[in-house]
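Colleague: Residue numbers (this note's numbering), protein chains in the order written: chain C, 1 to 143; chain Y, 1001 to 1397.
Hints were generated in silico from the structure; no laboratory data involved.
Fair warning: this is a prediction, and the values are worked out from it, not measured in the lab.
Glycine residues also receive a C-beta, built at the ideal position from the N, C-alpha and C atoms.
One should not assume that every hint holds.
As the list claims (entries may be wrong) - Derived, one-sided and incomplete: chain Y residues facing chain C with beta-carbon distance under 7 angstroms:
1) Cys1141
2) Glu1145
3) Gly1149
4) Ala1162
5) Ser1258
6) Met1260
As the list claims (entries may be wrong) - Derived Cβ-Cβ restraints for the label pairs, each shown as a range:
7) Met1098/Y <-> Asp17/C: 32 to 40 angstroms
8) Lys1313/Y <-> Asp17/C: 34 to 42 angstroms
9) Asp114/C <-> Gly1323/Y: 26 to 34 angstroms
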Amino acid sequence: MSTQSQYKYTKPLPEMDPEDRPYWQSAKEHALKVQRCDDCGAWNFPPRPLCRKCQSAKLIWTKVSGRGHVYSSTTQHHPILPSYTKDDLPYNVSIVELEEGVRVISNVVGCPPDQVKIGMPVEIVYDDVTDQVTLPKYKPRAN
Amino acid sequence: MGNLRGKYAIVGVGETKVGKLPGIGTLTLHVEACKKAIDDAGLKVSEIDGLLTNQPLHDPFRTYSVVVAHSMGIKPDYSLDLGLGGATPVAMAQHAAMAIDAGLATAVVCVHARNQASLHLLPKQGMGVTRAYHGGVRDGCEDFEDPYGVMSGPGHHSFAAARHMHEFGTTSKQLGAVAVATRKHANMNPSATMYSKKLTLEDHQKSRMIIEPLRLPDCSLMSDGGAAFVVTSAERARNLKKKPVYIMGMGNHQPFASVMDAETLTTLGGAVSSKMAYKMAGLGPKDMDFAQIYDCFTITTLITLEDYGFCKKGEGGAFVEGGRIEIGGELPVNTHGGLLSHAHLEGMTHVTEAVKQLRGGDVEPERQVKDAEVGVVSGHGGYASTHASLVLSNRPS
Ligand SMILES: [Zn+2]
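One chain only, chain C, in its complex shape (with noise of 0.2 angstroms):
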């Protein structure tokens, strides 16, 4: 999807904690990457200071196949964030496993929202919504 520069995109933006922000730098780059640990190779999202499995410090961002499935989804009828109105609606939400085992929360879009189901394969696909953010979402894969 291209840059939308000429209007003003006023749905939420992530705001990025430290923590956090080498995902949105790798997203705008259109490689996608996740904390894994050195140590022990689990991956660790939400972001984290720590990996959960072992505690070690040694976190990489590591960039991910962006290929998964649909962990959990769900269609938003309703407009219950700021500049959501009723055109926005019905959209998509859901939970994506990707195949590193990592989940995350993103729209899947490129298909009615009432044909996303749990399990089906999707891709990652880069969303230029401002000239400084990209949000990752998916769209359906062949699996």
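Following the hints, position chain Y with the ligand against chain C.
Modeller: Frame of chain C, contents of chain Y with the ligand only:
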């Protein structure tokens, strides 16, 4: 902690009006609830030396427990603002008992009040900044959720509901059975927000989706109101005004910090927390005459009933059907109308209702669980990530 069994009791409860109370301040609701609970116990305000609060997240304060205490002339030796989300009121009973056992206080008031109906920060159009939207109080994962248009509580529980349906074949109608049973209880409770509003399973099935698979009646109310209870020693309790309700078992467990790093969304903290409480009490699910189960969403009730051992994992959908969880059924659940239909005070009225049921005669006769002697209360909050359990009884042993 096994030695705390039956040593402490809830001796007073107080509830303000609930619903939409514009013009009544949150501090006033706290103080009114505390005063009612202290009066109910037959204690003097000067006899209270401990106070626990759950600070109002719609209007955060520093040292809120101290503000509330001094608003009514209490100079506490023990005060704490406890932050476990919806598990807080149940956890307060545990913390109060521990503080008294440690000799830090002798009589502790536990209070929770909110102006969620009249002051809640509803979405403002054009407000694109996530942390400001949360009133400066962070959940911790909003950067990874708000940009995708998902709001913590409803979003997390709809993920859990979708998983429960996927793993076990649970249906929207079964969630509806929870909403209907809870509403029937509210229809017997004149203080409930939904007292005069009936709900049938057909109504539930026709109602609009909020976050599919959750419909409007699957979601709890937004409420103004307050409630409180007083904890003191069992010995002292026996000389007070009301029949003591003894704290027999307590548990507390937080299995994850985000739905993104939860191992599962269909078994929550209650599975561990209830076992701790049952073990301390020397009792089990079969001994419970009722259950007051935190019900921010219908799916929460269903999963918690499984986690508490009232049925097997995955069988919650069938368990809640057929009137089993209604008054007169096998296990009356949320006899006041719960967060779904009484008021959303983050479970504080689940505790006060349990106490009233165990005293006997403190609720409308048709709402009284016959010969109730033992009941369990659950608290649940955060990212569906916090849980506290309490086993209460009107018999000390
Ligand atoms: Zn590690």
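Colleague: Now tell me, hint by hint, if it's right for this structure.
Modeller: Hints versus structure:
1. Cys1141: holds, 6 angstroms
2. Glu1145: holds, 5 angstroms
3. Gly1149: Glycine 1149/Y check passes; min Cβ-Cβ to chain C is 5 angstroms, inside 7 angstroms.
4. Ala1162: Holds, about 5 angstroms.
5. Ser1258: Because about 6 angstroms separates serine 1258/Y from the closest Cβ in chain C, which is inside the 7 angstroms limit, the hint holds.
6. Met1260: Since the shortest Cβ distance to chain C is 5 angstroms, the answer is holds.
7. Met1098/Y <-> Asp17/C: 32 to 40 angstroms: holds, 34 angstroms
8. Lys1313/Y <-> Asp17/C: 34 to 42 angstroms: holds, 36 angstroms
9. Asp114/C <-> Gly1323/Y: 26 to 34 angstroms: Given range 26 to 34 angstroms: holds, Cβ gap about 33 angstroms.
Going down the numbered hints, you'll see the structure goes against none, and every one checks out.
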